[in-house]
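Okay, here's what each chain looks like letter by letter:
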Amino acid sequence: MEDQILSTVDWARAQFALTAMYHWIFVPLTLGLSFLVAFFESIYVKTGNEEWKKLTKFWMTLFGVNFAIGIATGIILEFQFGTNWSNYSWMVGDIFGAPLAIEGIFAFFLEAAFFAVMFFGWHRVSKGFHLFSTWMVAVGSSLSAVWILVANAWMQFPTGMAFNPDRARFEMQSFWDVALSPVAVHKFTHTTSSAFLLASLFVVGISSLFLLQKRHQKMAKRSMVVAAVFGFIASIFCAFTGDEAAFNVAHRQPMKLAAIEGLYVGQEKAPIIAAGIINSSKKPGDDLPAFHQEVKIPGLLSLLANRDVDSYVPGINDLVFGNTERNIVGAEQRMVTGKIAVAELTRYKNAKNSGDAADAASALVLFNQHKGDLGYGYLKSPAQAVPPVAIAFYSFHIMVVLGTLFPLIFLLVLFFAFKGTLENQRWLNLACLLSIFLGYVAQQAGWVVAEVGRQPWAIQGLLPVNVASTNIATSNVQATFFIFLTLFTALLLAEIRIMLKQIKTGPEA
Amino acid sequence: MLSLSKQLYLFYRDGFRSMVVGRTLWKIIVIKLFIIFAVLKFFLFPNYLQNNFNTERERAGHVLENLTRTSPIR
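Note that the protein sequences, when read in sequence, are chains W and L. Convert by adding 282 to the 1-based position in the first sequence; the result is the number in this note's numbering. Convert by adding 16 to the 1-based position in the second sequence; the result is the number in this note's numbering.
In isolation and in its complexed conformation, chain L is listed as follows (with noise of 0.2 Å):
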C-alpha cells in the first residue's frame, strides 16, 4: 500500500510522462513565465511606489500630492 505522497507523486510524474502537447504546452508555459517574471517583471515593470518611497507614509504623502495638483484632462 502506498502512502498517499507516493500516490500523488506518481501520479503528477505518470501524467507529466504520459503527456503529448502538453509537452508543447509545459515548454510555452515555462518560456512565457520566465518572459512575464524574469524580465518583464524585473525590468521593465518596477512598482513605481515600492521602488520611489520608503513607507507607506510617503507614498500616501505622494498620491496625496498627485490628487491635490489640478492637471486638467484634454
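Next comes chain W alone, as it looks inside the complex (with noise of 0.2 Å):
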C-alpha cells in the first residue's frame, strides 16, 4: 500500500513537473517579448519610420504564434491540482483562490481588448491607441504572471494565514502578508527579468540568423541592438534579484541552499562551489567528501547567505541533526514536535467527533503550540527533510553559469553593433542563435533549483508531497502524464514549425 502512494506521488510529480516545464517554455517568451514589441514600436511612433513598423509586426506575428500555442497550457496545471493533489488542493484552496481568480480575470479582459488592437488595430485605431495597447498587453502579461508566482512563493513561505482544523484548511489572515511576503516580490522579480533576458536572447539569435543568411540584415541589426539593450540591463537586474533570492532562501530555507551548494558540514566564511562534481554516494552525517572535485570561492557563500563574509552558514548536517551550539534545530527534533502535532490534530478530530469539547479544547491548545512542524510530524527519518543534493546543485551551477555568460553575449553584440561590424561576426551570430536554447536551459534550470530545492514539500514545513496527494490509481496518473507529454509535444513541434515558417518568409509576409 506505500509503495503504491509513493509510486503514485512519484508519477504526480513528474506528471507537475512535465507540464510545469512545458507550460514554462511558452510563458517567458510571452512576457519578455511583449515588451520588446512595445519598444520597437514605440520606436516607429517616434521616428514614424515604416522599417520599425515592420520589424514590430514580424517580432509581433512571432510573439502571438508563441502566445497562441501557449495559451492555456497552465490550465492543466490547475485539473491536476483536483485529481492527483486533492488534500494540497483542498487545505489551500483558501489562500490560492483570490489570487488564481484575479489571474484569470485580468487575463481575459486584457486578451480580448488590447491584445485584438494589438493585431487587429494597425489600421483602425490611431497610432497613439495602438501603441498603448501593445504596452498594456505588455504590462498586463506580466501583471498577471504575478499572481501565480504569490501562489507559488506561497508554498515556498507560508505566511498570512493560520491552520483551521476544523476545515483542515489553510485560511488567508492577510492577503497584502501573502502578496507581498519577500519571497513572492522576488519571485516575481527574478522570474520577469528572466523572462526579458530570454526574450532578448531569443530576438537577439534570430536576428544573428538573419545575419548568417545575409537576409534583413538592417532590421536584424536594428532588432539586436534593441533586444542587447534590453537584454543587458534585464541581466543585471536578474542578477541583483537572484542575489535577494538566495539571501531569502538562506533565511527561510536553509535546507536549499544547503543543498544547492552541496554544503554537508556548517562553516564560517562558507565557500560558493564554483565548479565541482558531487559525490552521490554522500549521505547526512556521514565522512564522505560531498564532492569528488571541486573548485571553491571561500567566503562567498557566506557573503551571499548573510551579506557578511565570516559569517556562519549550517549545513545539511545541521539542519537534519540540529546543531546547539548555533542554535540550529534540526529535523531530527522537529519530527519530535512535528508528531505531537500530528497526534494532537488526530486527538482534537476525534475528541470533536466523540462531542469531548473539554478534550477536544486541550488537544487544539497542544497541537497550536506545535503546529509550527506540522509536516516533519509525516516524516520517517531526518534525513528526509533533504532535498535530492546533485540536481538542486547542478541545476543552480548551470543557471548562474549561463546567467553569467548572457550579458557578455550582450556586450559582445552591442560592441560589434556600434563597430558597425556585426554582421562579419560570424562566431558571435552563431553564440547568439546558440544562446536562445541555452536561455531555455537556464529557465528550466532556475525553475528546477526552486521546487527539486525544497523538496520534500509541498508547503514548506507543513505539508510534505506524500500527503498533499491523492490516493488514486498509479496507472490513471501514468495513462495522463504520457497523454500529457503527446500533447504538448506536439503542441511544441507546432510552435517550432510555424515559427520557422514566420522566420523564413521574415518581415516581408
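Please note that a few of the clues may not be correct.
Said to hold, decoys possible - Among the chain L residues that face chain W by a calculated CB cut under 10 Å, a handful are: (1) Tyr-25; (2) Tyr-28; (3) Phe-32; (4) Ile-45; (5) Ile-51; (6) Leu-56; (7) Asn-63; (8) Leu-65; (9) Asn-68; (10) Arg-73; (11) Leu-80.
What the hints assert, rightly or not - Partial list, computed: chain W residues near chain L (C-beta under 10 Å): (12) Ile-358; (13) Ser-371; (14) Asp-448; (15) Lys-631.
Hints are computed from structural coordinates only; laboratory data are not their basis. From the three backbone atoms N, C-alpha and C, an ideal C-beta is built for every residue, glycine too.
Bring the two chains, given one by one in their own frames, into a single complex with the hints.
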C-alpha cells in the first residue's frame, strides 16, 4: 500500500513537473517579447520610420505564435491539483482561490481588449492608441504572472494564514502578507527579469540567423541592438534579484541553500562551489567527502547568505541533526514536535467526533503549540528533509553559469554593433543563435532549483508531497503523463514549425 | 455614425477575416481547448473531492482523515 502511494506520488510529481516545464517554455517568451515589441513600436511611433513598423509586426507575429500555442497550457496544472493533489488543493483553496481568480479575470479582459487591438488595429485605431494597447499587453502579461508567482511563493514561505483544523484548511489572515511577502516579491522580480532576458536572447538569436543568412540585415541589426540593451539591463537586474532570492532562501529555506551548494558541514566563511562533481554516495552525517572534485571561492556563500563574509552558514548536517552551539533546530528535533502536532490533531478530531469539548479544547491548545512543524510529523527519518542534492546543485550552477554568460553576449553584440561589424562576426552570431537554446536551459534549471530544492515539501515545513497527494491508482497518473507528453510535444513542434516558417518568410510577410 | 457595438463587431470581424497566420493559430487553439476541456478535464481529470463527497464538511473530514493517518515518506 505504501509503495502504491509512493509510486502514485512520484508519477504525479513527474506529471506536474512535465506540465510546468512545458508551460514554462511558452510563458517567459510571452512575458519578454511583449515588452520588446512595445519598444520596437515605440521607436516606430517616435520616428515614423516604416522600417520599424515592419520590424515590429514581424516580432509581433512571432509573439502571437508563441502566445497562441502556449495559451491554456497552464490550466492543466489546475486540473492536476484537483485530481492528483486533492489534499493539497483543499488545504490551500482559501489562499490560492483569490489570486488565481484575479489572474483568470485579468488575463481574459486583457486578451479580449488590448490583444485584439494590437493585432487587428493597425489600420483601425490611431498610432497612439495602438501603441498604448501594445504596452498594456506587455504590462498586463507581467501583472497576470504576479498571481501565480504569489501562489508559488506562498508554498515556499507560507505566511499570512492560519490552519483551521475544523476545515482542514489554511485560511488567509492577511492578503497583503501573502501578496507582498519578500519571497513573492523576489520571485516576481527574478522570474520576470529572467523572462526579459530570454526574450532578448530570442530576438538576438533569430536576428543573428538573418545575419548568418545575409537576409534582412538592417532589420536584424536594429532588433539586435534594442534586444541587447534590454537583455543586458535585464541580466543585471536578474543577477541582483537572484542575489536577493538567495538571501531569502538562506533565511527561510536554509536546507535548499545548503543543497544547492552541496554544503553538508556548516561553517564560517562558507565557500561557494564555483564548479564541482557531487559525490552521489554522500549521505547526511557520514564522513564521505561531498565532492569528488570542486573549485571553491572562500567566504562567498557566507556573503550571499548573510551579507557577511565571516558569517556562519548552516550545512545539511546541522539542519538534519541540529546544532546546539549554533542554536539550530534540526529536522530530527522537529520531527518530535511534528509528531506531537499530528497526534494532537488526531486527538482533536476524535474528541470533536465524540462530542468531548474539553478534550478537543486541550488537544487544540497543544496542536497550536506544535503546528509550526506539522509537516515534519510525517517524515520517517530526518534525512528525508534533505532534497535531492545533486539535482539542486547542478541545476543551480547551470543557471548561474549561463546567467553570467548572457550579459557578456549582449555586451559583445553591442560592441560590434557600434563598430558596425556585427554581420562579419560569424562566431558571435552562431553563439547568439545557440544562446536561444541555452536561455531555455537556464529558465528550466532555475525552476528545478526552486522546486526540487524545496523537496520534500509541497508547503514548506507544513505538508510533504506524499500527504498532499490523492490516493488514486498509479496507472491513471501514468496514462495521463504520457498523454500530456504527447500533447505538449505536438504543441511544441507546431510552435517551432510555424515560427520557422515565419522566420523563413521574414518581415516581408 | 455606427453604434459602438456595431463598430466593435466590425473591428473583430474584419480582424478575424484579415488573419493569415492567425487562421492556423486559431485552429490550433480550438483543437487544443477542445482536447483540454472536453477530453482531459471531462474524462481524465475528475476533481476527486468534488466527485467523491457531497458536502464541504465531508471533504474537510476526508482531508483531515488523511492528515491524521500518519503515512511516512521514503
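Hint by hint, here is what the structure shows:
1. The interface hint given for L:Tyr-25 is broken, as the beta carbon of that residue sits about 12 Å from the closest beta carbon of chain W, more than 10 Å.
2. Among the interface hints, the one on L:Tyr-28 holds; its C-beta lies about 6 Å from the nearest C-beta in chain W, closer than the 10 Å criterion.
3. For the restraint placing L:Phe-32 at the interface with chain W, the shortest Cβ-Cβ distance is roughly 8 Å, inside the 10 Å limit, so the hint holds.
4. The restraint placing L:Ile-45 at the interface with chain W holds, with a minimum CB-CB distance near 6 Å, inside the 10 Å limit.
5. Checking L:Ile-51 against chain W: minimum C-beta separation of about 7 Å stays under 10 Å; hint holds.
6. With a least beta-carbon distance of about 7 Å to chain W, the hint placing L:Leu-56 at the interface is held under the 10 Å criterion.
7. Annotation: interface hint on L:Asn-63 holds; nearest CB of chain W at approximately 4 Å, less than 10 Å.
8. Annotation: interface hint on L:Leu-65 holds; nearest CB of chain W at approximately 5 Å, less than 10 Å.
9. Hint status for L:Asn-68: holds, given a least beta-carbon distance of 9 Å to chain W, under 10 Å.
10. Here the hint on L:Arg-73 is kept, as its CB sits about 9 Å from the closest CB of chain W, short of 10 Å.
11. Hint status for L:Leu-80 relative to chain W: holds, with the closest Cβ pair at about 4 Å, below 10 Å.
12. A hinted interface residue such as W:Ile-358 counts as satisfied when its beta carbon comes closer than 10 Å to some beta carbon of chain L; here the least separation is about 6 Å, so the hint holds.
13. A hinted interface residue such as W:Ser-371 counts as satisfied when its beta carbon comes closer than 10 Å to some beta carbon of chain L; here the least separation is about 7 Å, so the hint holds.
14. Interface restraint check for W:Asp-448: the shortest CB-CB distance to chain L comes to about 7 Å, inside 10 Å, so the restraint holds.
15. With 10 Å as the threshold, the beta carbon of W:Lys-631 comes within range of chain L, its nearest partner Cβ sitting at about 6 Å, so the hint holds.
Hint 1 alone, counting from the list given before, is not met by this structure.
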